[in-house]
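Student: Here is how the chains run, residue by residue.
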Amino acid sequence: MTRDRRLSWINGLLLPLFNVLTAFIATGIVFLFIGVDPIEATKILIYGALGYDEGLGYTLYYATNFVFTGLAVAVAFHAGLFNIGGEGQAYVGGLGTALVALYMNPALSAWIVIPLAISGGLLFGALWAIIPAYLQAYRGSHIVITTIMFNFIASSLMVYVLVNVLREVGEMSPESGDFIEASWIPFVHDVLANFGYEVTRSPLNMSIFVALFFSAVVWFFLWHTRWGFAIRAAGKSNEAAIYSGINPKKIIVVTMCISGALAGLVGINELMGVQHRLFLNFNYGYGFGGIAVALMGRNHPVGILIAAFLFGILYQGGAELDFELQNVSRDIVVVMQGLVILFCGGLEYLYRPVLIRYLAPVEASE
Amino acid sequence: MSDFFLTTVLTFDASVRICVPLIFASMAGLFAERSGVVDIGLEGKLLMSAFIAASAASVFGSPWLGLIAGMFASSVLAMIHGFASITYKGNQIVSGVAINILASGLTMILTLAWFKRGGITPTLQNDERFLSITLPGVDIIDHIPIIGVIYRELISGHNILVYLAFVIVPIVWWVVYRTRFGLRLRAVGENPKAVDTAGLSVEGLRYRALLVGGILCGIGGAYISTAYTAQFTKEMTAGAGFIALAALIFGKWHPYKVLAACFLFAFLQALSIRLQGVVFPVIGEIPVQLIDAAPYILTIILLAGFIGKAVPPKASAQPYIKEL
Amino acid sequence: MTKSNIAIELINVDKHFGAVHANDKVNLSVKTGTIHGIVGENGAGKSTLMSILYGFYQADSGQIKVFDKDFRATSSKQSIEAGIGMVHQHFMLVDNFTVLENVILGSEGGALITESLANARVELTRLAKEYGLEVELDIAVEELSVGMQQRVEILKGLYKGAKVLILDEPTGVLTPQESDELFRIFEALKNEGVTIILITHKLREIMNITDHVSVMRAGKMVAHRETSKTNPEELAELMIGRKVLLNIKKSKAKIGKPLLVAKNLEINNEQGLKRVSEVSFEARSGEILGIAGVTGNGQGTLLKALAGILPLTKGSIEIMGETISPKSRLNPEQLRNLGVAHVPEDRQKMGMIADFSASETALMGYQNDKDLNQGIWLKKSLVKANCASIMEAFDVRPPNPNLMSSNFSGGNQQKLILAREFERDPEVLIIGQPTRGVDIGAIEFIRKRIIQMRDAGKAIVLISVELEEIMSLSDRIIVMCDGVITGTVNGADADEATLGMMMANALESPAEVKGAEV
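Chains as they are written, first to last, in the numbering used here: chain A, 548 to 913; chain B, 185 to 508; chain C, 1054 to 1571.
The shape of chain A in the complex, shown without the other chains:
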């Protein structure tokens, strides 16, 4: 094997694998520290997430959200942008979905309402990303900072909307009324029941196919269209992009809109698929989770599907741990998320020098 081949194996496979393993081992150490047997915990976690059909349903349901936010982070990343605002874009996207799902004519067919409500999520998610994008492109304001700020502004905005606008008269809790039934995305257990398969009820709904569909779209878009080429070129080098006739400013705005739109889809799974109403903090944690998913999945849709599934396992398995063990709550998943971001992101190159020294040493030149 040539050195270049070895290097690409190291960078493409070994390094990410080592990083994920390190995050797992570090989580194991946290378990030991709080007096929980990590092997026992892993068993419970995996059984809870995959061992029975309801658990698997929950796992896939959580994974669906992570696919959306993971794709959102990844698309922006390919344009060299760090979209840390997935949290806010998901939140406001949910508002777009809700507005359609609340106020459409209830007599309309689901075939019309559902696509429209999904578009509402895409549109509002994109809108929430467009101001930070514009400010980055044309005023030079750093997108990381502006998207953080927009997360908080989204949070205030949504509280205002839910408390003062969408809350039904006489209701105490800040949530909207029920969506029209035509906007409900069917549960997978209901669909399967139609075909004669009985599975236990779970929140898993047909949104998961929307997630798979958009994963394929993102893959095709980034690597098999001229626009994807332009985004990736601009992400690698501003000057090279300009040279190639690509306007990097436009790329920033367009890419962030796509990114925000993808994040805006969290609402279809959570709201149209499960809760059928808009409520506070339905998006909680998925935006930041998306960063971990994208980093772990190396910003590639296939990697993101795998990473999202893994995080689904952790979310569902974490809930099971919470239930089974006294000393640990599902927040262990948050710890693990942090460790994944740390080791797959911040400490991405931790093992690189060692791996290169032993597996791909520099050959002495003549």
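Among these hints, one or two may not hold up.
Claimed, not checked - The calculated lysine to aspartate or glutamate pairs, modelled on EDC-like cross-linking and capped at a C-alpha distance of 20 angstroms, are: (1) LYS783(A) with GLU1195(C); (2) LYS1402(C) with ASP869(A); (3) LYS796(A) with GLU1386(C); (4) LYS300(B) with ASP584(A); (5) LYS418(B) with ASP869(A); (6) LYS1255(C) with GLU1287(C); (7) LYS1310(C) with GLU1445(C); (8) LYS1130(C) with ASP311(B); (9) LYS1402(C) with GLU1386(C); (10) LYS1402(C) with GLU507(B); (11) LYS1437(C) with ASP1448(C); (12) LYS300(B) with GLU867(A); (13) LYS493(B) with GLU1331(C); (14) LYS1255(C) with GLU1240(C); (15) LYS498(B) with ASP1448(C).
No lab work stands behind these hints, which were simulated from the structure alone.
Start from chain A and add chains B and C according to the hints.
Tutor: Just chains B and C, lined up with the frame of chain A:
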């Protein structure tokens, strides 16, 4: 009229209390960013320190031990940030995000493991926390109109950490602009190569800056759980770290301007509590959420360049890679 | 205490960067109080060697002696302490610091800077008087001219007690007048016993001011000479290694109609500074128009405007029947569609993307081509096939379209870029630094291809810092200095002396030329 005056003084008093963690965190961020390391992990460090400080204060029965433990915990996180972004030249923003999420998860897990209650620590007794200090002379000055009220309500009656916060700002200014460390700090954030070729260690300077930041954040976190309140509760920092970050930008990385921004943002928060449900003539009720979001909106407007321009240190967010 | 008169001695200094052997058992000895030149082509290893001496890099093996003492630097700190100062090609200054602050950085003396600043002020005033290095001390360095910033760098070295001063390509960014001023300072320093090591690739400077000269080639030190006992021809030969006659045969130009007409161009660079004014010229079918000039005199800015990257602020360009003016811009893509190809000056940053595969780099600028796209689908197999065929045509090695662009050698990267631009059969070619950092074999190949394009009736605008390249390729040469055209000559009539004078804009004022030659 005198009612209005008292309310105003009390709102300012509340602002001062809210301001304290913002000051510590934004001064921490100032050191980090002046050295060229972007620190969006301020929130996580505040949270971690708040938790560790409350835990230690409760276990050891001393707010001072709590404070030291909080500073230590926050510094550990700062060093992790440094390890990733200085030694391993990782993405500074990613490792900052990791620290925030890690702190959020660990505080929840550890409260449960140590105190058997998810997300909270035991309530601190009075001798386990920082209490208000009544400054000398309150009784005497109290009789003087206006000044008496201001002295009693606004200036006196805070805990030691509040006074420390206001002392720390001129100290930070002095360190940054009058000491050798400050000169090198400012240089390394602008042009690390110039520092390297002057025979100084870029990495060493950045680690030191982060360590100072870790300690300052630690004080801010300890204040929240052992002085401002008397226990740690879930996510109790509630975005203070991010408001501090906003203040840092709003104050253009200059200690006194950052202090002013902290106070402005704290005042807005105090105001939003005061104004809840208050109906004004003509404009009606001001939505609390609008005031809550104001610091962020103001910072965005500043970043957009509509009111002055916020130019960060030139080398910020770039890992230093040695090459010619 | 034996005191030899050797300031710096390097014995078998060796340094690798990955697979690149930057310094190969280098030996060098520099006499105290002399000006010692080190010449070599770009990439010969001169800067690396000096950076090792300055403690910025560490040698893999070998020995260094400074004033007869064994010396091993792990950071610049030890070098500074040993009395070595270095003025880098890109200045190591903190832009928003004052001159005074920049000078004391790293040698403050105490924990508080107030006193250090006061002490430095006294010392600098003395140094400035002694060596004629006057600079305003309380001004931010970003407000100073390049020449003044260089003075600050020299003062920095002297303030820190440098007895040996290394200067890396100090005149590259200077005007001829500023260069003369710098050489005068060198003399003053030498008279005070300071040893100067001058790194350059300009032979004229070496001949004019050095006492000794050492030549580097491909990481090796190949010769040491006393300047008075050598000549530019010998040094050039030593630098290049063999007598390369890159005098490529070219037939007489068959000049056709103008394809590009520039009238009164005024152009600002990316920072909004005016870099080109009142530039007019024509590029005709079947000729190569060379644009000569010292780096940074507006040629680069002009090139970018011709390629549609920078807008005009005044004037117009008629190109293939279209007109570009400040009001009507054409972007790089529109220009490509008109048949204007652009080989950028900066290959690494602009011409390619290191992390892209060769086929993707070969697609740059042509990603919207109709035949490569079907609806929304970009036909990647066709893109790869095209890349494979142009790689064959231009002998790019290895001919693998899937290989990452960064994994090709400089020469092959450049050939890939040229192949991309040439193989679309453009009418106008805008070429910047076609052979910078490229090995000799590839240089010959590339130059032949450029001639071929000329003979095929293309109009070619060529910018190069290598005067030799401009002279051997161009049918007509225009010279730029400080953003304006200072001369036009026929390629056949051009000689280095005249061009040099034009590049310094010294033709109209003979007095200054005389001064420069003293």
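Student: If a hint holds in the structure, say so; if it does not, say that too.
Tutor: Evaluated hints:
no., hint, result
1, LYS783(A) with GLU1195(C), "violated (29 angstroms)"
2, LYS1402(C) with ASP869(A), "violated (52 angstroms)"
3, LYS796(A) with GLU1386(C), "holds (16 angstroms)"
4, LYS300(B) with ASP584(A), "holds (17 angstroms)"
5, LYS418(B) with ASP869(A), "holds (17 angstroms)"
6, LYS1255(C) with GLU1287(C), "holds (14 angstroms)"
7, LYS1310(C) with GLU1445(C), "violated (32 angstroms)"
8, LYS1130(C) with ASP311(B), "violated (51 angstroms)"
9, LYS1402(C) with GLU1386(C), "holds (18 angstroms)"
10, LYS1402(C) with GLU507(B), "holds (16 angstroms)"
11, LYS1437(C) with ASP1448(C), "holds (16 angstroms)"
12, LYS300(B) with GLU867(A), "holds (18 angstroms)"
13, LYS493(B) with GLU1331(C), "violated (35 angstroms)"
14, LYS1255(C) with GLU1240(C), "holds (18 angstroms)"
15, LYS498(B) with ASP1448(C), "violated (43 angstroms)"
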